[in-house]
Amino acid sequence: MRLTAEAYQVPTDAPEGDGTLAWTSTTLVLVRAEADGHAGIGWTYGPAAVVPVVADLLAPVVADLDPDDVPAVWTAMRRRLRNAGRPGIAGLALSAADCAVWDLKARRHGLPLARLLGVARREVPVYGSGGFTTYDDARQHRQLAGWVHVEGIPRVKIKIGESCGTQVARDLARMAAARRTIGDDAELYVDANGGYQRKQAIRVAHAAADLDVRWYEEPVSSDDLTGLGLIRDRVVPDVTAGEYGYDLVYFHRMAPYVDCLQIDVTRCGGISEFLRAAAVAAAAGLEVSGHCAPHQHLPVAAATPNLRHLEWFHDHVRIESMLFDGAVPATGGSVPVPLDRPGNGLEFRSDDARRYRVA
Numbered sequence: 000m001r002l003t004a005e006a007y008q009v010p011t012d013a014p015e016g017d018g019t020l021a022w023t024s025t026t027l028v029l030v031r032a033e034a035d036g037h038a039g040i041g042w043t044y045g046p047a048a049v050v051p052v053v054a055d056l057l058a059p060v061v062a063d064l065d066p067d068d069v070p071a072v073w074t075a076m077r078r079r080l081r082n083a084g085r086p087g088i089a090g091l092a093l094s095a096a097d098c099a100v101w102d103l104k105a106r107r108h109g110l111p112l113a114r115l116l117g118v119a120r121r122e123v124p125v126y127g128s129g130g131f132t133t134y135d136d137a138r139q140h141r142q143l144a145g146w147v148h149v150e151g152i153p154r155v156k157i158k159i160g161e162s163c164g165t166q167v168a169r170d171l172a173r174m175a176a177a178r179r180t181i182g183d184d185a186e187l188y189v190d191a192n193g194g195y196q197r198k199q200a201i202r203v204a205h206a207a208a209d210l211d212v213r214w215y216e217e218p219v220s221s222d223d224l225t226g227l228g229l230i231r232d233r234v235v236p237d238v239t240a241g242e243y244g245y246d247l248v249y250f251h252r253m254a255p256y257v258d259c260l261q262i263d264v265t266r267c268g269g270i271s272e273f274l275r276a277a278a279v280a281a282a283a284g285l286e287v288s289g290h291c292a293p294h295q296h297l298p299v300a301a302a303t304p305n306l307r308h309l310e311w312f313h314d315h316v317r318i319e320s321m322l323f324d325g326a327v328p329a330t331g332g333s334v335p336v337p338l339d340r341p342g343n344g345l346e347f348r349s350d351d352a353r354r355y356r357v358a
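First residue of the sequence shown? That's 0 in numbering that gives the first Met the number 0, and the numbers climb one at a time after it.
Derived from the structure by calculation, the hints contain no laboratory data.
Keep in mind the model is a prediction, meaning the values are calculated, not measured.
Please note that the accuracy of each hint is not assured.
Below, simulated SDA-like cross-link-like pairs (lysine to any residue); rule was C-alpha separation at most 20 angstroms, straight line [as the list claims (entries may be wrong)]:
1) Lys198 / Val235
2) Lys198 / Asp223
3) Lys198 / Val167
4) Lys198 / Arg233
5) Lys198 / Thr19
6) Lys198 / Arg169
7) Lys198 / Ala168
8) Lys198 / Ser162
9) Lys198 / Ser220
10) Lys198 / Leu171
11) Lys198 / Arg231
12) Lys198 / Gln166
13) Lys198 / Thr165
Based on the sequences and whatever the hints tell you, model everything.
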């Protein structure tokens with residue numbers, strides 16, 4: 000089996016930012032797994048430095064392995080990363096490679112990837128995600144109104160915690176504006192990206208009580224497990240975190256402190272580890288939510304019984320629609336799982352992507 004990787008840096012359609020970070024471009028790293036004339040694809044979002052990790056560390060240890068033996072392939076890659084450090088860039092590489100290997104196996108056998116994994120649902124519920132702190136009122140309104148009133152997505156999320164929690168008045172004003180835009184029937188979610196302190200996060204939730212916020216993501220740093228638990232027990236919205244989980248132990252530690260565990264298949268260790276993390280959540284009585292990279296998540300989301308929903312993240316939806324044939328819309332608030340094509344049902348548009356390639 001042969002593993003290769005390429006990186007593509009795509010400018011955003013407008014400056015984007017959240018409580019603790021701002022950006023004007025996003026880098027997609029695509030991994031190909033090839034064997035017997037077939038090729039599978041997987042990807043992650045992260046620095047171009049992921050590319051040499053795939054080429055120099057992962058590719059050599061899987062070259063002689065049977066691509067159908069996905070657990071053996073995953074274990075060999077994970078062991079190779081021991082001294083490189085599993086969290087971070089190495090974890091992104093492992094995740095994209097594992098997704099590519101699963102896709103390769105499905106294509107070699109002529110099966111939709113969701114069928115290979117086993118289908119729990121044929122459509123995956125999504126929530127519209129964007130509402131960046133860099134947006135003005137008009138742009139936020141257009142985005143949220145498009146999701147709810149045009150596409151029929153009944154749940155949407157905006158970013159708060161602006162400037163590391165120093166702009167609370169604007170956070171609350173933007174939350175109120177979001178509620179006016181979406182009306183009373185749609186669910187309103189917020190994401191502070193760890194921008195608040197513990198009591199500050201509780202005060203914000205109480206100040207927004209009349210807005211019926213249902214989802215309070217990373218009100219404090221996801222590293223502050225005690226803080227997440229304290230806030231969870233003192234506010235009405237579900238408190239959630241987990242998108243920065245790079246291994247199974249992370250999710251096991253976090254489960255007692257949140258109402259829903261987020262898992263990112265492009266960070267956690269790929270499809271192999273996503274399924275294990277979802278089982279950890281189920282053992283704790285929790286649902287899980289897929290974080291970003293929506294089309295990479297679809298097959299494993301379809302296979303996860305305790306999935307709540309999937310993040311329909313504006314930045315990644317745009318990139319995946321630009322660069323992959325087979326990308327689908329989220330009309331009505333759910334996305335159909337590709338069950339009529341082998342693998343993940345996507346084909347990478349190499350010609351269209353060429354101008355964005357950086358590695």
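Of the hints stated earlier, which fail here? none
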